[in-house]
Structure formats: structure tokens, C-alpha cells
Amino acid sequence: MHLVRDLLDKAVIDRNGREMGRADRVVLEVGRGSPPRVAAIEVGASALGQRLGPGWGRWAAALLHGFGVDHGQPLRIHVSQILGVTDTIAVDLAFGQTPAANVECKLRRIIRVLPGADR
Amino acid sequence: MSAIVDLVLGVVTSIGGFVEVGSISTSAQSGAEYGFQLLWAIAIAAAMLALLTEMSGRLSVMSKRALAAAVRERFGIHFQVVPLAAELVLDLLLLTAELGGAGIAVKLLTGIGFQWTIVPLAVMVWAILWFSSFAVVEHGIGLLGLVTLSFVLAAWRLGPDAGDLARSFVPSLPAHDGVRYAFLAISIVGATVSPYLLNFYSSGTIEEEMKREDLWVNTATTYGGNMFGALVAMGVLVTSAMVLQPLHIQVDSYEQAALMFVPAFGRWAVTLFALSLGIGCIGAALEISLNTGYLLAQVFGWSWSANKRRDENARFSTAFTVILIAATGIAVLGFDPLRLTMISVALTVVVMPVMVLPFLVLMNDRKFVKDRTNTPIGNAILAGLTLVGALFALIVIPLEVFGG
Numbered sequence: 002m003h004l005v006r007d008l009l010d011k012a013v014i015d016r017n018g019r020e021m022g023r024a025d026r027v028v029l030e031v032g033r034g035s036p037p038r039v040a041a042i043e044v045g046a047s048a049l050g051q052r053l054g055p056g057w058g059r060w061a062a063a064l065l066h067g068f069g070v071d072h073g074q075p076l077r078i079h080v081s082q083i084l085g086v087t088d089t090i091a092v093d094l095a096f097g098q099t100p101a102a103n104v105e106c107k108l109r110r111i112i113r114v115l116p117g118a119d120r
Numbered sequence: 010m011s012a013i014v015d016l017v018l019g020v021v022t023s024i025g026g027f028v029e030v031g032s033i034s035t036s037a038q039s040g041a042e043y044g045f046q047l048l049w050a051i052a053i054a055a056a057m058l059a060l061l062t063e064m065s066g067r068l069s070v071m072s073k074r075a076l077a078a079a080v081r082e083r084f085g086i087h088f089q090v091v092p093l094a095a096e097l098v099l100d101l102l103l104l105t106a107e108l109g110g111a112g113i114a115v116k117l118l119t120g121i122g123f124q125w126t127i128v129p130l131a132v133m134v135w136a137i138l139w140f141s142s143f144a145v146v147e148h149g150i151g152l153l154g155l156v157t158l159s160f161v162l163a164a165w166r167l168g169p170d171a172g173d174l175a176r177s178f179v180p181s182l183p184a185h186d187g188v189r190y191a192f193l194a195i196s197i198v199g200a201t202v203s204p205y206l207l208n209f210y211s212s213g214t215i216e217e218e219m220k221r222e223d224l225w226v227n228t229a230t231t232y233g234g235n236m237f238g239a240l241v242a243m244g245v246l247v248t249s250a251m252v253l254q255p256l257h258i259q260v261d262s263y264e265q266a267a268l269m270f271v272p273a274f275g276r277w278a279v280t281l282f283a284l285s286l287g288i289g290c291i292g293a294a295l296e297i298s299l300n301t302g303y304l305l306a307q308v309f310g311w312s313w314s315a316n317k318r319r320d321e322n323a324r325f326s327t328a329f330t331v332i333l334i335a336a337t338g339i340a341v342l343g344f345d346p347l348r349l350t351m352i353s354v355a356l357t358v359v360v361m362p363v364m365v366l367p368f369l370v371l372m373n374d375r376k377f378v379k380d381r382t383n384t385p386i387g388n389a390i391l392a393g394l395t396l397v398g399a400l401f402a403l404i405v406i407p408l409e410v411f412g413g
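As you go down the protein sequences, you meet chains F and L in turn. Each residue of the first sequence is one higher than the one before, starting from 2 at the first, in the numbering used here. Each residue of the second sequence is one higher than the one before, starting from 10 at the first, in the numbering used here.
These are computed hints drawn from the structure, not numbers from a lab. From the three backbone atoms N, C-alpha and C, an ideal C-beta is built for every residue, glycine too. Among these hints, one or two may not hold up.
Stated by the list, open to error - Per label pair, the in silico range of CB-to-CB distance:
| # | chain 1 | residue 1 | chain 2 | residue 2 | range |
| --- | --- | --- | --- | --- | --- |
| 1 | F | Arg-38 | L | Lys-73 | 24 to 32 Å |
| 2 | F | Pro-37 | L | Pro-385 | 28 to 36 Å |
| 3 | F | Arg-59 | L | His-257 | 54 to 62 Å |
What the hints assert, rightly or not - Computed far set for chain L versus chain F, every beta-carbon distance over 12 Å:
| # | residue |
| --- | --- |
| 4 | Ala-56 |
| 5 | Ala-136 |
| 6 | Leu-162 |
| 7 | Tyr-232 |
| 8 | Gln-254 |
| 9 | Ile-258 |
| 10 | Gln-265 |
| 11 | Ile-339 |
| 12 | Gly-343 |
| 13 | Phe-344 |
| 14 | Ile-404 |
| 15 | Pro-407 |
| 16 | Glu-409 |
Make a model of the complete structure from these sequences and hints.
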């Protein structure tokens with residue numbers, strides 16, 4: 002597998018087929034005397050921001066912290082939770098039960114006040 | 010049968026949705042200042058748009074991804090941050106200009122100052138987006154936009170000389186003010202090939218669940234719709250050239266542009282012009298707002314669709330709402346809509362290479378488009394026109410701006 006081509010930036014889908022975000026960062030595990038191996042992928046604006054630069058990462062984390070997203074930390078998905086990699090990365094999680102859904106859920110509560118939001 | 014209906018509807022709504030604030034203002038100014046001489050620029054711009062929209066539909070059908078999502082996967086976020094930022098800025102400027110244009114249209118009809126009607130118009134745009142499906146946004150407004158055919162009717166009634174029109178499709182040097190001429194040519198391209206159209210069309214192909222066997226509908230719709238749609242923009246230019254140029258009226262405002270309809274339509278002139286401008290602007294405002302939602306959702310991997318419940322795609326729904334609020338805020342501050350339009354369309358050409366060139370790479374990557382890659386001729390034409398246009402824009406815009 003080519004990490005950049007096949008994993009990084011790909012859409013991440015939960016077990017119900019719902020979009021969770023994109024693989025914003027790949028976490029590697031480096032053991033003594035053994036080649037690096039993929040430990041996890043991270044989904045979230047703070048991970049994406051870190052890739053663009055530390056300042057962007059801090060800014061994104063602070064913003065997410067304001068929305069109550071797990072202290073602004075990205076969602077780390079362990080490699081054992083990855084079900085398969087095709088055009089998307091399917092993971093054995095339910096989006097609504099992860100901190101990554103906090104922004105969506107908060108906005109949903111606001112939106113539901115408006116007429117027609119459930120049409 | 011369904012494919013034929015889709016084709017007819019697609020072509021008709023493309024014609025109805027072709028002109029908006031940018032194409033009306035650039036074509037009207039070109040006609041008033043240079044007669045028919047810039048018709049070639051409209052033809053080239055329409056051909057570019059037809060090629061690019063056909064490609065964006067083909068990309069979505071073959072890869073099951075919209076354009077922005079494909080760029081993120083192929084080039085990564087480090088590259089995409091540049092076209093993403095450029096498109097967001099252009100979307101904001103253009104949306105502000107469209108709301109201003111719609112406000113001017115209401116002013117022409119009612120006499121109420123355009124800044125007073127911006128907020129109600131923005132609320133109307135938001136309400137249409139909030140309560141309607143994708144089909145209503147695309148086809149409903151496109152059908153209403155057929156009123157813009159009045160530009161073609163006006164030009165036909167004025168009886169332009171066929172030989173003069175034909176000669177204008179060959180680029181020629183102007184008799185006066187070459188910088189202004191080049192600036193208008195660049196602006197016509199920028200007004201026609203708006204970046205939002207590509208991602209919007211690509212997302213629409215996914216919304217409508219177009220399949221590989223329907224690719225011929227995509228090709229016929231994009232080529233037919235854009236080429237016939239270009240006739241409307243040409244109608245604006247020809248009418249302006251035949252009415253405004255002999256009177257030495259330069260189009261410094263939309264109110265002046267409305268005068269071009271007087272010889273053809275008499276007392277209906279202002280009403281028809283206002284309806285054409287207003288519906289064109291509202292249609293474009295709907296598409297730009299929705300495109301901002303599509304763009305952000307696809308880049309960041311959020312769920313998106315104009316056909317799903319708004320609360321099921323909360324971040325997508327919030328994104329198109331927020332850009333509409335931001336554009337309304339800027340429009341209310343009182344920017345001249347015509348000036349804002351001209352700045353946005355000229356800037357579009359400058360940033361076009363960072364959007365079109367990666368798109369061309371995608372269209373030659375079998376991982377995305379499988380066996381439906383671009384032809385070398387299509388690649389060469391689009392890459393050449395994009396780079397030449399951007400180079401010209403970089404030279405001409407400072408000369409135009411600093412030369413007054």
C-alpha cells in the first residue's frame with residue numbers, strides 16, 4: 002500500500018456508510034529494528050491543520066475545543082478498526098458516537114429550530 | 010425517453026441559466042465600447058466552458074466523486090489549499106455581486122434603493138435553498154431564466170448586418186485603447202468560465218445519479234446548452250453595440266445598460282431588462298451558495314446533498330447559509346455591484362490555472378476516469394487558453410486598474 006496515494010486524504014466512512022471526514026493524518030509506529038507500520042489514521046480539522054503548519058493546527062484545535070470536540074483533538078482510528086480500503090476507508094465505528102460528530106450534532110440542534118430543517 | 014427529457018431540460022435550463030451579472034455587464038460594456046468586435050471572446054469563452062463542464066460531468070460519472078473531492082484525493086491538502094482559498098474568495102465576491110445585481114433589478118422595477126432590498130433578496134435565496142431540492146434549484150430557475158432570451162430577440166429585431174457579425178468572430182486589434190479591449194476580453198472569459206460552475210455541475214451530476222450509459226446526455230447537454238446559451242451573451246453584446254455605441258453611452262451602471270432595450274421593446278424595455286438581470290442573478294446566487302456548501306463538504310469529507318434533509322447535513326447546510334450571510338453583509342455596506350463584478354471576473358482568469366491545470370491531470374488519470382480520459386487535443390486547447398488568458402490577465406489588469 003502506498004500511504005499517500007491509497008490512504009491519506011481519502012474519505013472515511015462509518016459502518017453505516019455515513020461520511021466521517023477524511024484521513025487527515027496517518028500515524029506511524031516505529032519499533033526498534035523493525036520497519037515503520039501504520040498504527041492509526043486521524044480525522045479532524047486539528048490534524049489537517051497540523052499538516053499545513055503548527056499555527057494552523059493550534060488554531061483549528063482551539064476552534065474545535067470551542068465546539069466541545071474532545072479538547073480539539075482529532076479522532077484517532079486504530080488500524081484494527083479499519084474494515085477495508087477501496088475508494089473510501091471503511092471503519093468499524095458509528096460516526097454519531099464519536100467526538101468527531103460534535104460539531105455536526107451542535108449545528109443540527111441549532112438548525113432544527115428553523116422551519117423546514119427536517120424536510 | 011427519460012434521457013431525452015433530461016437532455017432537453019438540461020439544454021433549455023443551461024440556456025436560461027447562462028447569463029448572470031458578470032456576462033451581462035462584460036458583454037454590455039464590450040458592445041458599447043467596441044461594437045461587435047469582441048464577439049470572438051464570447052465564442053472562445055463558451056467553448057472553454059463547454060469543454061470544462063463536459064469534463065466535470067464525466068469525472069463525476071466515472072469516479073463517483075465530485076471535482077473538489079477528487080482534487081483532495083489526487084493532490085492532497087497542501088496543494089488544494091490554494092484553489093480552495095481562491096474559489097472561496099471568488100465565490101464570496103461573485104455572490105455579493107449577484108445579490109447587488111438582483112437588488113438593481115428590483116430597483117429598476119420599483120424605484121426602491123438596491124441596498125434596501127439586498128436583505129429580503131438574500132432571505133429569498135436562502136429560503137429557496139432551504140426548502141427546495143436540487144432539481145428545483147437547477148431546472149426551476151433555469152426555466153424562468155428563459156426570459157433572458159429577450160436579449161437575443163432584441164438583437165434580432167435591431168437587424169445587425171450578418172457580414173459584420175461573422176467578421177467579429179475573428180480576433181482583431183481595436184482602433185482605440187488596446188488595454189481596455191484586452192481587459193474586456195479577459196473579463197468576458199472570466200465571467201463565462203466561473204470556477205463555481207465546474208464544481209457545481211460536477212456535484213449536480215452526482216445529485217442526479219447520472220450513470221456511465223448517460224454520458225452522451227452529459228456531452229450533449231454541456232455542448233448544446235453552453236453553445237446556445239452563449240447566444241444570449243452575444244445578444245447582450247450585439248444589442249448594446251447597436252443601441253448604446255452610436256449614442257456614445259458607456260455602461261457605467263446597470264441603469265444605463267437597461268437603455269439598450271428601449272428601441273426593441275419600447276415601454277417594456279426596463280421591465281424585461283430588470284427581469285432578465287434579476288432572474289439571472291438570483292439563479293447564479295443560488296448556484297454559488299450551494300457550491301460553497303458542496304466545496305467545503307467535499308474537501309473536508311462531510312456528508313452533503315441538496316436532496317437530503319437539511320438537519321442531516323448540518324455542516325453543509327451551515328456552509329451555504331454562512332456564505333450567504335457574509336455576502337449580504339458586504340453587499341449592504343454599499344459596494345458598487347458593477348465594479349465588484351468586473352474585479353471578480355478579471356481575478357477569475359488570473360487564478361484559473363490553479364483550478365484548470367490540476368483538473369486536466371485528473372482527466373488523464375485512469376484511476377479516476379478509467380477509459381474515458383481526455384484527448385491530447387482537448388488537453389492542449391484548454392491548457393493553452395488557460396495559460397495565455399492568465400498571462401494576459403496579469404499584464405492587463407494592473408494596466409487597467411492603475412491606468413484608471
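Hint check results:
no.	hint	result
1	Arg-38(F) <-> Lys-73(L): 24 to 32 Å	holds, 30 Å
2	Pro-37(F) <-> Pro-385(L): 28 to 36 Å	violated, 40 Å
3	Arg-59(F) <-> His-257(L): 54 to 62 Å	holds, 59 Å
4	Ala-56	holds, 32 Å
5	Ala-136	violated, 8 Å
6	Leu-162	holds, 38 Å
7	Tyr-232	holds, 29 Å
8	Gln-254	holds, 48 Å
9	Ile-258	holds, 45 Å
10	Gln-265	holds, 40 Å
11	Ile-339	holds, 23 Å
12	Gly-343	holds, 29 Å
13	Phe-344	holds, 29 Å
14	Ile-404	holds, 32 Å
15	Pro-407	holds, 30 Å
16	Glu-409	holds, 34 Å
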